[in-house]
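Q: Could you put the whole structure together from the sequences, leaning on the hints where they help?
So you can see what is in the structure, the chains are spelled out below.
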Amino acid sequence: MTPPPAEAAAISPGAGFDPATPRSAPSMSIGLLGWMRANLFSSWTSTAVTLVLAYLIIRWTLGFLDWAILNAVWSVPGTGQNVNTSACREMKGIGACWALIGEKYRFILFGLYPFDQQWRPAICIAIFIGLYVVSAMRRFWRRELLVIWLAALAAIGVLMWGGVFGLPHVEQERWGGLIITLILSTFGIALAFPLSILVALGRRASNLPAVKALCVVYIELIRGVPLISLLFMASVMFPLFLPEGMNIDKLLRAQIAIILFAAAYLAEVVRGGLQALPRGQYEAAEALGLSYWQKTGLIILPQALRMVIPPLVNTFIGMFKDTSLVLIIGIFDLLNAAKTSIIEPAWQGFGTEAYLAVAAIYFVFCFAMSKYSAGLEAEFNRHRNR
Amino acid sequence: MPNDAVTADPRYARRPPSRGFSLSWRDPLVRNIFWQLLILGIVGFVVWWLVSNTMRNLEVRRIATGFGFLEREAGLPIGEHLIPYTPADTYARALLVGVLNTLRVAVIGAVLATLLGTVIGIARLSRNWLVARLAAVYVEVLRDLPLLLQLLFWYGLMQALPGPRQALNPVEGVFLSNRGIKFPLIVWEDAHSAALLAFVAGIAGTWLVGRALRARQFATGQRTPLWPFGLALILGLPLAVWAAMGAPFTPDMPALRGFNFRGGATISPEFAALLLGLVLYTAAFIAEIVRAGIQAIHSGQWEAAGALGLSRGDQLRLIILPQALRVIVPPMTSQYLNITKNSSLAVAIGYQDIVSVANTTINQTGQAIEGIAIIMIVYLTISLSISAFMNWYNARIALKER
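Just so you know, the sequences run in chain order H and V. Numbering follows this note's numbering, with no gaps: position 55 of the first sequence is 1534. Numbering follows this note's numbering, with no gaps: position 163 of the second sequence is 166.
Keep in mind that the hints were calculated from the coordinates and are not lab data. C-beta: ideal position from N, C-alpha, C; glycine also. Keep in mind that the hints are not guaranteed to be accurate.
Each pair of labels, with its calculated beta carbon distance range [as the list claims (entries may be wrong)]: (1) H:LEU1535 to V:ASN397: 35 to 43 Å; (2) V:ALA67 to H:ASN1563: 48 to 56 Å; (3) H:ALA1527 to V:ARG226: 27 to 35 Å; (4) H:ALA1527 to V:GLY82: 41 to 49 Å; (5) V:ILE400 to H:GLY1751: 18 to 26 Å; (6) V:GLU76 to H:GLY1751: 45 to 53 Å; (7) H:ALA1692 to V:ARG75: 17 to 25 Å; (8) V:LEU160 to H:GLU1652: 29 to 37 Å; (9) V:ARG136 to H:PRO1556: 38 to 46 Å; (10) H:THR1540 to V:ALA204: 22 to 30 Å; (11) V:THR93 to H:GLU1652: 36 to 44 Å; (12) H:ALA1517 to V:GLY303: 21 to 29 Å.
A: Written as structure tokens, this is what we have:
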């Protein structure tokens, strides 16, 4: 590249050329001011919109802070049946009643689990979160992860049920709160995932028309109806399906419905990955003389699943949120615990506080997953944007 | 071993592939048939087992099967109905009312969510930082909270409104109370029906004029703005018809009588909460689809449109959106399916949609299998119809490649 003449003159010494001192850009176009001019006040309409929005945001934020912090009631005298919530009643509409959360947070997190045993669900929640973190780290994306999952889920089962290692048995009716939401979503995904892979493979098996038809009917049927109808089926119809004397508790029935529901949606995501894989990969695997299961397990799935991890995580987020529907058939998940915590006359009318607290919990889990999925997607697509 | 030695060795000689039927495990066709028979057998056995259990259980519990109950009197009150209905009507009619309630909230919700979602999706790409950030925050927050939680929250807020006597009165004639939203109606007369007809005729006329103008532009290159014609036909014609018939106007204002309102029209708190929740939630997803669709259009299209001298709004409307629609329509289909299926959460806040009515029917008659079958058939029909329509629309706007 030839340098422009002015530059060439500047670098040749003793030419008698005195370069002008570099001037900085106009102060209105750099730094904070320049940024604001470009992004907030670029035109008359833009300026007007910015000012109106800024006014509304400041006003509403201040109003919210007044309600949520300055005027909030953080504790009330008494507990349990003898609680006196008149302080909250006086401030209703002016200040939040966070005393509700202080009083009920154990109920919202652990339901009716025996009070002195609540360290057990607490540890389970920690195991669940640890499991999510480990699964999110790419250095753990290998076969050993399966062992970690099996061990963690077994440990959670032992901790929750008890009856061994000197842990007193706790019947399932007393479980509730956040731990139910985590159990339903995590076990649901863990069991739906292998099923969804089989169904997705079945839907692509053009040499097995009967199997293919079966898988298509399953996927389209489940995706065509709302989850509620499956949950009603689990709660009302399922007992009719089983021989007399055999009974499955309600939580497990809801869990089965969630697994069947999630598997249909996951299967479509997995199918997307199978279709996106170039044909050459299938042909090369066949050329090596691999059997169908060797080809699928060693060549196809490792690549296809890797491609669809971001949409898989998005499906997981959907399933995590959808577990809240078990409220309708009367299972005590996180949302139902919040709804129930305001049933007592003393706490009636403080639904906003209870729902906001639970919303914060849901948001933390879903937002973390959503950010993770977006980051992964950007990383996978990096070669395209280069 | 050299290669030709292998082919020369008779042991390695390839037999011609036989397409004839030979009962050998090495024949893929035989294996395929075997595996399919096995899987079908297992599935068939499980289904038979479940059905036979169910039949026995029904017999033991003395539950009659069949849809005969549909002809019986329902005795089930439904607050909102689009067709005449009393509790003395049959279960069949009650279920039909439920289906219509589902369709009402789904259709209105889909239209509003599309409008709001498109606005937010475009706002996310705004050059104004504040607008873009606000839209992003909206999407992130609404998308990451369960819909049921949002519905319960909105319903709780609706119920926390004051009673009819202290109802909020933001605009003359509009009342917000825990009984719902009251707003004035016009007493309907023949002149209004005629004006409505004129309005429809005006839309059709505008469309015809638009076609003629476009044909003229293609032929002569001259552009004539359409909007004066549209204004005259769509607004002017109905107004003229209405005025010609004597311009009748008697408002039916809601007014407090005793403990409740009389007159005017009502939006129930259940419907309002459900619609609000569905629209806000679905709009967040639609906004993401619209944003992704617009971003999928190559930036050269924006630049070329700008080089032609189009304003940014015209660039979006004339150049970008028609192309983005091809990317947007397929995922939009699943959002419309979702809003229909999600409307089933109505049962949690007491809006009587098909799920809620069928659920009450199950509780009253014990006909669980029939009730759930009805729910599933209704949703499958709606889902398949939406899919079929959107596939037709998608094929219409698809790139015509020669």
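Q: All hints are to be evaluated individually against the structure, with a verdict given for each.
A: Verification of the hints:
no.: 1; hint: H:LEU1535 to V:ASN397: 35 to 43 Å; result: holds, 39 Å
no.: 2; hint: V:ALA67 to H:ASN1563: 48 to 56 Å; result: holds, 54 Å
no.: 3; hint: H:ALA1527 to V:ARG226: 27 to 35 Å; result: holds, 31 Å
no.: 4; hint: H:ALA1527 to V:GLY82: 41 to 49 Å; result: holds, 44 Å
no.: 5; hint: V:ILE400 to H:GLY1751: 18 to 26 Å; result: holds, 23 Å
no.: 6; hint: V:GLU76 to H:GLY1751: 45 to 53 Å; result: holds, 50 Å
no.: 7; hint: H:ALA1692 to V:ARG75: 17 to 25 Å; result: violated, 38 Å
no.: 8; hint: V:LEU160 to H:GLU1652: 29 to 37 Å; result: holds, 32 Å
no.: 9; hint: V:ARG136 to H:PRO1556: 38 to 46 Å; result: holds, 43 Å
no.: 10; hint: H:THR1540 to V:ALA204: 22 to 30 Å; result: violated, 50 Å
no.: 11; hint: V:THR93 to H:GLU1652: 36 to 44 Å; result: holds, 39 Å
no.: 12; hint: H:ALA1517 to V:GLY303: 21 to 29 Å; result: holds, 23 Å
Checked against the numbered hints given earlier, the structure breaks hints 7, 10 and satisfies all the rest.
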